[in-house]
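Chain L is already provided as a structure; the job is to place chains X and V on it using the hints.
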Amino acid sequence: MNDLSLTDVAATPYETPLLRVSGLCKNFGAVVACRNVSFALWPGEVLGVVGESGSGKTTLLNCVSARLQPDAGRIEFQLRDGRVAELFEMSEPARRMLMRTDWGIVHQNPRDGLRLGVSAGANVGERLMAVGARHYGEIRGNAADWLRKVEIEVARIDDPPRTFSGGMQQRLQIARNLVSRPRLVLMDEPTGGLDVSVQARLLDLLRGLCSELGLAAIVVTHDLGVARLLAHRLTVMRRGEIVESGLTDQVLDDPQHPYTQLLVASILQ
Amino acid sequence: MYVAVKGGERAIAAAHQLLAEARRGKTEVPELTLAQIEEQLALAVDRVMTEGSVYDRELAARAIKQARGDLIEAIFLLRAYRTTLPRLAVSLPIDTGAASLKRRISATFKDLPGGQLLGPTFDYTHRLIDFGLTADGGSVTPSPPSAPEPSEAMPRVSGLLGEEGLIEPNPAGEAEPGDLTREPLEFPADRALRLQNLARGDEGFLLALGYSTQRGYARNHPFAGEIRIGEVEIEIMPAELGFPVVIGEITVSECEMVNQFKGSATAPPQFTRGYGLAFGECERKAIAMALVDRALRAKELGEEVIAPAQDQEFVLSQSDNVEASGFVQHLKLPHYVDFQAELNLIRRLRTRATEADAAE
Amino acid sequence: MSEGEEQTAGGYNFAYLDEQTKRMIRRAILKAVAIPGYQVPFASREMPLPFGWGTGGIQVTASIIGPNDRLKVIDQGADDTTNAVSIRQFFAKTAGVATTDRTSHASIVQTRHRIPETPLREDQIIVYQVPIPEPMRWLEQREAETRRMHALADYGPMYVRLYEDIAQFGRVTTAYDYPVMVNGRYLMRPSPIPKFDNPKMNMSAALQLFGAGREKRIYAVPPYTSVKSLDFTDHPFTIERWDNSCAICGANDSFLDEVITDDRGSRLFVCSDTDYCRQRRAVKAAE
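Protein chains in written order, with our numbering: chain L, 1 to 269; chain X, 1001 to 1360; chain V, 2001 to 2287.
Just chain L, same shape as in the assembly (with noise of 0.2 Å):
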């Protein structure tokens, strides 16, 4: 993990924020899905990007994880040791290294983020295994504990996700990342396809973790019930453009672009 590339040296941690994005761009052939998107997250806060399908928020969200190379731009991240590192400046060794621990992503479909015939224990044990651990019990520990965390039964360590419900899979998923005890999270839709009352109790568990470990967030979400119950701040995109950000209540229940406004009349009080 030492070929990082240094840009600012921060003088106390809490001088930069977490995550810096800075300008960035990416497109598909003649579509332009993201357009000098730039904002900052500090440690310890959720952000909620919302829009409709098609803003580009699924994007930004690929880019910030990785999954995609921005065509411009910059994504800044701050390490444990305080040096910041440009993500894809980064080699390949250390960025997914950083994707393995400090970082944790919640994909919107649980396949995606959990080995389905794998045991929940061997899954949310992965990681401690994929640094080194190597002791059976205190690894197959941990992932009880994990379990209990986030409200699975115990009982069902060695049952594979496939017999989970789709809202235990999305805390299975949830746990699988944690376990690392990222200092942040990327979410895609976590509550998507789930029931309403799932949802909620999927809310409640997630708001609790967020502010029991401090985790920092994003949430892309297009239900803007679900940034208001997690998200301190928002950003709204549109056309692949952020065109408002703001504390949560405020942009929710005063919104100033035009865009927002129609967003937040069009849903059902």
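Since the hints were derived computationally from the structure, they do not count as laboratory data. Glycine residues also receive a C-beta, built at the ideal position from the N, C-alpha and C atoms. Just to be clear, a hint being listed does not mean it is correct.
As the list claims (entries may be wrong) - In silico EDC-like links for lysine to aspartate or glutamate, alpha-carbon gap of 16 Å or less: (1) X:Lys-1299 x X:Glu-1183; (2) V:Lys-2093 x X:Glu-1009; (3) X:Lys-1006 x V:Asp-2101; (4) L:Lys-149 x L:Asp-195; (5) X:Lys-1299 x X:Asp-1311; (6) V:Lys-2093 x V:Asp-2069; (7) X:Lys-1006 x V:Asp-2080; (8) X:Lys-1262 x X:Glu-1303; (9) V:Lys-2200 x V:Glu-2240; (10) V:Lys-2022 x X:Glu-1183; (11) X:Lys-1065 x X:Glu-1031; (12) X:Lys-1262 x X:Glu-1183.
What the hints assert, rightly or not - Simulated coverage check for chain X against chain V, where a stretch passes if three residues somewhere in it have a Cβ under 8 Å from a Cβ of chain V: (13) 1007–1016; (14) 1077–1089; (15) 1177–1190; (16) 1227–1241.
Below, chains X and V without anything else, positioned relative to chain L:
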């Protein structure tokens, strides 16, 4: 006292003797000659040459005879022989446009310059076993029809479409194509290497994959633009001479598919291509190969890879019947040590399970 | 080794392969020795024996063997199994080298599925026949991805597999071809030797070469290199033990084959390594 079984060597020698006898069959029956195989089992010879990757009709006939008619075994013989052959030169690319054709058809136009030349095809035969034809000494050679001299030019369909810009130009490859038989295949593989792999790949495998695309596993709307069978000249350009020299002629079957058109924001829609080439009259192989070639171009053409025929690693790693046959059949080899290890394990696991049950 | 084209009976080059091919394979071997446990791709040739029947081992042996070598070929630990006979005959025919069934007399041992019980020496080379070289093949079918995993030492999924075994069965259920970590860096498949043989690979005095002909990979473990079987600290790697000893020589420290002797299921156990068994019998007889 137990005495370990010995005699593996003697068993092998006896097996070879039995094989020689079985190969010959009843001695009252006349022995098959190489010329008979070459002439009258020509399509078997063509397949063995194509997948054996050596153009030598007599050699292929020998292999078929030695293999008792098992074509995959014959292909193996040819490949093993090929390994020992020195490489003297690399020919210039063959020009199928200049082939002297015995067959040329196109499904894309009712009529086209040069016409549809059916050639010696099974296509319109009725599949009824002809007991007269197949009786010993029963086949009567019909008098050959007066074949019209194909004086008219036979431009390719793909060329005609290309003039209007309706079909993508032939994708440019590397200046020097790699040689699949000299370097191990690595993924992702470029088109030249993929085509080499498909050309020597098992016809049955490619047939099934091509068929799968037609049945909806990544359909690419194929039309047979041009199917040609004919003789082409092989030319080499020795450095000392500086001009090409014809060293022989071979028969090839070629298939150009016209496939699903593609456009983008910047380029207007054009038909896309698939290509197949085989030695001799292996027409079915060439057609199947063209379907699979097009399917494997999925990534390049911006198509989602959703079906086996589009999966490079799946197709190219498993297309070779010499490899497949070897590994599938290796299961006949003794595996008793590993089996013993498994027996040990399973007995221990079962003991543990019954102990656990007893404890409850 | 002579440079020119030495012709043997039938007009083939010494040990069948042409010199260019041998050179290509030796380059691959050198690279493999320089990076212990790393799979080096090589342009495997079609051989007169089928893929899957030892062509990788044969190509490696053919590239290193010389007229003064003495070759032993075993399959399942025995010299007399049909494929071992066939391969030994191949080298006798194409190289005219001396062959032996005594491990201690051989300079090269080509093997399928066993390591000889007699410890190997510094002046010996053992060549393993490998069917599937990639240890993570059952977790990840794609070669492009497994190459990346090796490059990044991303071996988490392998441990997940071991974890699953312990969770389900209480122990790792891999009985042969048990994955190992070579020189602390590369994950390697030792070929389908029983796990009983894994410890013999660690710090061996002999050079160990692995050839996979069909999959076109060569890898190596240089002498005195660490080879550790994967495990968990609280579930350490263990080898098989039998309740019986060899019915012929009495050994209780060798890998035993189970032989069914009558139709009522009577069985006895004998050494898999026929040379080892015979030597022990000779010693016992002398006493």
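Status of the hints after comparison with the structure:
1. Under the criterion of a C-alpha separation no larger than 16 Å, the hint pairing Lys-1299 (chain X) with Glu-1183 (chain X) is inconsistent with the structure, at around 23 Å.
2. Of the pairs offered as hints, the one joining Lys-2093 (chain V) and Glu-1009 (chain X) holds, with about 14 Å between alpha carbons and a cut-off of 16 Å not exceeded.
3. With a C-alpha separation of about 14 Å, the suggested pairing of Lys-1006 (chain X) with Asp-2101 (chain V) holds against the 16 Å cut-off.
4. Between Lys-149 (chain L) and Asp-195 (chain L) the CA atoms are separated by roughly 21 Å; this puts the pair beyond 16 Å, and the hint is violated.
5. At roughly 10 Å between alpha-carbon atoms, Lys-1299 (chain X) and Asp-1311 (chain X) fall within 16 Å of each other, so this suggested pair holds.
6. Taken as a hint, the Lys-2093 (chain V) and Asp-2069 (chain V) pair is honoured in the structure, with Cα atoms around 15 Å apart against an allowance of 16 Å.
7. Among the hinted pairs, Lys-1006 (chain X) with Asp-2080 (chain V) is consistent with the structure: their alpha-carbon atoms are about 7 Å apart, no more than 16 Å.
8. About 10 Å separates the Cα atoms of Lys-1262 (chain X) and Glu-1303 (chain X), which keeps this hinted pair within 16 Å; it holds.
9. Distance check on the hinted pair: Lys-2200 (chain V) and Glu-2240 (chain V) sit about 14 Å apart at the alpha-carbon level, within 16 Å; holds.
10. A hinted pair counts as satisfied when its Cα atoms are at most 16 Å apart, and Lys-2022 (chain V) with Glu-1183 (chain X) qualifies at roughly 14 Å.
11. As the CA atoms of Lys-1065 (chain X) and Glu-1031 (chain X) are separated by approximately 10 Å, the hinted pair is consistent with the 16 Å bound.
12. For the hint pairing Lys-1262 (chain X) with Glu-1183 (chain X), the CA-to-CA distance comes to about 33 Å; that exceeds 16 Å, so the pair is violated.
13. Counting residues of the segment 1007–1016 of chain X whose beta carbon lies closer than 8 Å to any beta carbon of chain V gives 5, which reaches the threshold of three, so the coverage claim holds.
14. Using a Cβ-Cβ cut-off of 8 Å, 6 residues of the segment 1077–1089 of chain X lie near chain V, which meets the minimum of three, so the contact claim holds.
15. Only when three residues or more bring their CB closer than 8 Å to a CB of chain V does the claim for the segment 1177–1190 of chain X stand; here the count is 8, and the claim holds.
16. Evaluation of the coverage hint for the segment 1227–1241 of chain X: breached, as 0 residues show C-beta separations to chain V shorter than 8 Å, against a requirement of three.
Comparing the model with each numbered hint stated earlier shows that hints 1, 4, 12 and 16 do not hold.
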